[in-house]
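Participant: Sequence:
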Amino acid sequence: MKKFNFRKVLDGLTAASPVGSSGGGSGSGAGGSVHPGGTAGAAGTPREEIQETLTSDYFQICKTVRHGFPYLPTALAFDPVQKILAIGTRTGAIRILGRPGVDCYCQHESGAAVLQLQFLINEGALVSACADDALHLWNLRQKRPAILHSLKFNRERITYCHLPFQSKWLYVGTERGNTHIVNIESFILSGYVIMWNKAIELSTKTHPGPVVHLSDSPRDEGKLLIGYENGTIVFWDLRSKRADLRAYYDEAIHSVAWHHEGKQFMCSHSDGSLTLWNLKSPNRPFQTTIPHGKVQRDGKKPESCKPILKVEYKTCKNSEPFVVFSGGLSYDKPCRRPSLTIMHGKAITVLEMDHPIVDFLTLCETPYPNEFQEPYAVVVLLEKDLIVVDLTQTNFPIFENPYPIDIHESPVTCTEYFADCPPDLIPVLYSVGAKHKKQGYSNKEWPISGGAWNLGAQTYPEIIITGHADGSVKFWDASAITLQMLYKLKTSKVFEKQKVGEGKATAEIVEEDPFAVQMMYWCPESRIFCVAGVSAYVIVYRFSKHEVNTEIASLEVRLQSEVEDIITPEPETNPPFPDASSQLPSLKSLSGSTNTVACEGTMKDSIPCLSVKARPVRMPPGYQADLVIQLVWVDGEPPQQITSLAVNSAYGLVAFGNCNGLAVVDFMQKTVLLSMGTLDLYGSSDPYQRQPRSPRKSRQFAAGLTELSDSPVSLELERCKSPTSENRENSFSRSRSSSVSSIDRDSKEAITALFFMESFARKNDSAVSSCLWVGTGLGMVIILSLNLPASDDSRHSEPVVVSPSGTVLTLKGAVLTFACLDCMGTLTHQPYEVWRDPHSADDGDKTRKRKLVMHSPSSSQDMGDHQFAVICSEKQAKVFSLPSQTCLYVHNITETSFLLRADVVTLCNSVCLACFCANGHIMTLSLPSLRPLLDMNYLPVTDMRIARTFCFTNEGQALYLSSPTEIQRLTYSQEMCDNLQDMLGDLFTPVETPEAQNRGFLKGLFGGSGQAFDREELFGEATAGKASRSLAQHIPGSGGIEGVRGAAGGVIGDLTRARIALDERGQKLGELDERTASMMASAEAFSKHAHEVMLKYKDKKWYQF
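In this note's numbering, the protein residues as written are 1 to 1105.
Read the hints as simulated data drawn from the structure, not as lab findings.
Quantities reported herein were computed from a predicted structural model and do not represent experimental measurements.
One thing to keep in mind: the hints can contain errors.
Taking lysine-lysine and the DSS-like style, the derived pairs with C-alpha atoms no more than 30 Å apart in a straight line are [claimed, not checked]:
no.: 1; residue 1: LYS545; residue 2: LYS488
no.: 2; residue 1: LYS545; residue 2: LYS849
no.: 3; residue 1: LYS493; residue 2: LYS280
no.: 4; residue 1: LYS384; residue 2: LYS438
no.: 5; residue 1: LYS346; residue 2: LYS317
no.: 6; residue 1: LYS263; residue 2: LYS384
no.: 7; residue 1: LYS306; residue 2: LYS490
no.: 8; residue 1: LYS263; residue 2: LYS317
no.: 9; residue 1: LYS241; residue 2: LYS294
no.: 10; residue 1: LYS83; residue 2: LYS168
no.: 11; residue 1: LYS849; residue 2: LYS763
no.: 12; residue 1: LYS438; residue 2: LYS613
no.: 13; residue 1: LYS490; residue 2: LYS83
no.: 14; residue 1: LYS83; residue 2: LYS143
no.: 15; residue 1: LYS205; residue 2: LYS280
no.: 16; residue 1: LYS438; residue 2: LYS497
no.: 17; residue 1: LYS545; residue 2: LYS604
no.: 18; residue 1: LYS346; residue 2: LYS306
What follows is a set of in silico ranges between Cβ atoms, one per label pair, in the way DEER data are often shown [claimed, not checked]:
no.: 19; residue 1: HIS1091; residue 2: THR993; range: 27 to 35 Å
no.: 20; residue 1: LYS545; residue 2: ALA452; range: 13 to 21 Å
no.: 21; residue 1: GLU1016; residue 2: ARG1075; range: 42 to 50 Å
no.: 22; residue 1: ASN979; residue 2: LYS198; range: 52 to 60 Å
no.: 23; residue 1: LYS490; residue 2: HIS839; range: 16 to 24 Å
no.: 24; residue 1: ASN318; residue 2: ASN154; range: 27 to 35 Å
no.: 25; residue 1: THR349; residue 2: LYS670; range: 24 to 32 Å
no.: 26; residue 1: SER794; residue 2: VAL834; range: 15 to 23 Å
no.: 27; residue 1: GLU109; residue 2: GLU1016; range: 46 to 54 Å
no.: 28; residue 1: ALA452; residue 2: PRO789; range: 43 to 51 Å
no.: 29; residue 1: ASN318; residue 2: GLY1020; range: 41 to 49 Å
no.: 30; residue 1: PRO932; residue 2: GLN498; range: 30 to 38 Å
For glycine and all other residues, C-beta sits at the position ideal for the given N, C-alpha and C.
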C-alpha cells in the first residue's frame, strides 16, 4: 500500500512554496502531469500523511445489466415449459426475460438483424436465425448465454425455420424455395434436401417464391407442410420423398396454423382473408373468410383488406377455438391504429395498439402440438412496447407488466444515478407512487415467470432518476441490478397549457417539447429536488406525504452579458483550451437548427417563456413545487438555456448559470440574491482583457431534445449546443481550430459547474465558511462567500448576502466538477437540512426548528485547519490545499480529446475521481494524489445520447443510455465484476417436461400414422449422405469455454468441464470412428481389387503375362 506525503503549507508562508503559490494559483501545474507541491515548507511544519488505499487492483470494467425495451425489435419466441421469453432486434441483440429480476442481454458479433428465434423447449438452448444467413445455437444453461455453434449459409438466404418439439432436426426454408435440415446437436447440414422443383408439380412453370412456412403435421411427424409465398402449399412425405398433396390459392400466403388434430389447417393471406383447408379435399379451401371485409349487397365476395401478417389457430377442450391474427383491417379506415383481432366462436374482438405489431405468440398450456392447446394469453411485441393479453377473461384485459420497459414513454433527456442512498427513500417514494397505479389489469399472475433470481450480496439502496422530453421525471429503484419504477413527477403541471393556433406571438424559445428536462439536482438526505427545463426555468421541489392545495410561488430573473469577445489572456496565465467554452454551455448560432422567435409589434422584454399557473393548484403527496424561477427575455433577446445547477437545503439556496452569467436565489425567502454577468463575478481578479460588447447578432436556439436517431454525429458540432439538444442539421460542421481571439467566435464565458460547500474562501481565512464555488467554460474557478443569518429564527427574515471573495483559480478547459476532502483525505459531503415534512399536521402551529448537518461524515466535525479542493475540467484535474490555495497535484487527463463527465465517488471506503472521455476512455484517479488507477478504451461515443446520459455513482457503478429505449449499467469495480455471477439471474431451471396425454386405444389405432418416425434414420449421414460443403460453413462457438467460466465454482464447474471434455472426447471418437470406417472401406476396396486381379491371371502361364 503506497503512502503519499506532502507538507502542509501555512498561511503567510506560501512564498516559500516553489509551485502554485502565485495569486489564485493561476500559474500552477504548467506542464507536469502529476507532482506534489509545497515541498519547501517552513521548518517545523508538521508532516501530514494521507494513506491512499485504492490501487489499480480494485478496478475492472464490465457491463452488468441492460434495462428497458429492446430497441427496434424483430422477433419473438417463448419456451412454454421454462416460461421464458426471447426478443430479437434489428441490431443483432437478444433479450431473454423471465420472472422480474431475470433479464439477460446478449449480442451477435456480426450485428446482423435477428430474423427468427426458436427455443429448444425445456433444453436450455435457443436457435437464432440472422439476416446474414447464419444460424446460431445459444447455451442458456449459464448466466451469460454464449454461442455453442454457428452455421453460415453461403448460397442460400434463410427465410423461415421450424424446430419440432423434442426433435434435434431443424427445418430451414430459403428464399430459393428449398428446405434444408440441420442437426441441432452437431450443427451440421443433412444431405436430405427438399428442392422447390421437386415439391411443386412438374407442369408448374413459375417459381413458387420463398418458403414462408414450415411445420410438421400434429398427426404424423413424417409429414411436413411447406408454404410458399405465391400461395402454393405442399404436404411433403419425408419418408417417400414426394408430395402427398398440393394446394393452390391465388393470394400470397403470410402464415399457416394447424388444428391440433392435424386434419385441417388455416392460412392468412395478403388480401385480408383466412382460408381453412382440409387434407382430404385440397382442391380448394372449405372455408374462406375476410373477417374485417365489408359484405357486398349483391352477394359478391367481400372487398379485400390489408394483409393478415400472422394467424394462430388454438383449440380448447370446453369451448370454441381461438383464432388470433394481426393486420387484416379494412382499407377504408386509414387512421385505424394497428390491431390484434381475437375470434372466439362468433365473437370478434379488435384490440387496438399504440404502436405497429412486430410479432405475437399465443401461450398455451401444453407444448405438444397434437393436444388441445388451451390458450391462456397472447404476448404481443410492438415496435415500442410489450403487452400480454389475458385470454381467460371475456373482456381480454392486459397483464400489468413488471418489467421497466416504459423508460422511453417520453424520450429520455438526462439521467442521474445514486448508489448507497438513505434506505428509507425507496419505500417512501414507492408509497407515494403506488397511489398513481392504473386499474383494470388482469388479476392473474404475470405468465412469463421462468428462471431464478436471488438478491445476492449487494444490498445497498440505489436510485436512478430519468428526465424526459415531456417534462416528466421518473424515480427508479435500481437496487441489486434490477429496475422498478417508484414514482413519476410531471414538472409541466406548474405551467399553463400551451394554447395552439391562437395566432398570438408567443415567448417560447423552443417549438417542440418546451417542458423538456435539461438538468436535475437531488439531495437525497433533505429530499430537495430541482430541475432545469429547456425553456430556461428552474423548479425547486420539496417532498411531502400530505396533499396540499396552494399557489405556486414564482420569480423572474434577468441574465444578460455585456462583454463578448476575448482579446488576449494575460501572459502569465495558461491560455484556456481554445474551444473550452463549448463543452456544456453556450448555444451558438447554428444555421437552421431551430426556431428564431420573430418579434411582432413591440420588442419582447422582461417576459418569461412559459406561464406559471396563477390559481391554487392541488398537489398530491410526493414532490410538490415550492418555487419556479424563470429567466426572461431581455431587449428582444430570448433567455439562454441553463448550463449548470446546484441546490443546498442547509443554506436554503439554489444557484444556476448559463452563458450570460449566474443567478443565486433564496428559496426560503423567495428572493433573488444575485443575478450577475460572468465578468462581474471576477471583480478586479479578471485574468482576461475584454472588449465591449459587439453589435447584437440574431439569436437562434436549439430545438427539441427528442431526436432519437441512432446515426453517429459530429461531437465537434454537438459540443457547441446545449447539453441535451440532438443533431438536426447534419450538413453543418464546425472547426475547432479557431483561435481564442477569432472575430466569428461567440465565446461568452458560460457557467459550467456550481458547488455549495463549507470551505476556506480566502487565503488568510482561519475557519471554514459557507461558499459557492463557480466553474466556467474557460477553466476559471471563482469562490463566492455566502453570509447567512446567524440564527435559525432569523433565517426567514434577515437577508443572505452573496459576495465575491476575490479568489480565482484556473484550469485548462471547461470546469466539470468540484469536491472537497478533509485534512485526512475523507470526502466531506455538502451541508444539508434533515428532511421534515413541510405539511405535517403533528406539529400544529409550533415553529419547528430546522435540523442542519454542516459537516458530514461526523468524524470530520473538527475539519482541521486545512482541506483539499478537488477540481476537474474537461482537460485536467487539480487538487488545491486550502486555505493556502497551493496546487498540490495536477494531472493532465487528455490533450487530444475532452471529458464528458467527471464525478468524485466513493469505493471500498475510499474515494476516487472517475472520468469519461469523448474518445471512449473510462479513467479513475486516486485522491488526493491524482495517480491514474484505471484507463480503458471501453465505450466509443457513437452517439450524443451516450455523452448526454453517462453518469458515475458510488460503489463503482455507472450507466448510460445505450439506445433510445435502454439503460446500460456497468461497473468499474473489480469486486463487483467478481461477484456479478452471483447477482445475475438463472435463465434455466430444471423443470420436468409435462407428460403427453394418453390418446386412447382407438385414436392411437386409427388417428395417427401406422409407424413410428425415425428422423435420425432418415436425415442421418448413413441414409441421406453429406451436404455440399460449399452450401454452409460450420463455425464452432465459444459457449463451452464461457460456460465453464460462467458456472459457479466447485461441483458445477467440475461437472461442466467434465461435460465439455466428454463432448470433445465424443467428437474425437466420432472423428476416429469416421477415419476407421474410411480405412476399412479402402482396405475392402483394395482386397476386392486384388481378388479381381488374382482371378484374371490365375490360369495364365508365366509367358502369357
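Participant: Could you work out which earlier hints the structure fails to respect and list their numbers in ascending sequence?
Facilitator: The structure breaks hints 3, 6, 7, 9, 11, 13, 17, 19, 20, 21, 24, 25, 27, 28, 30; every other hint is satisfied.
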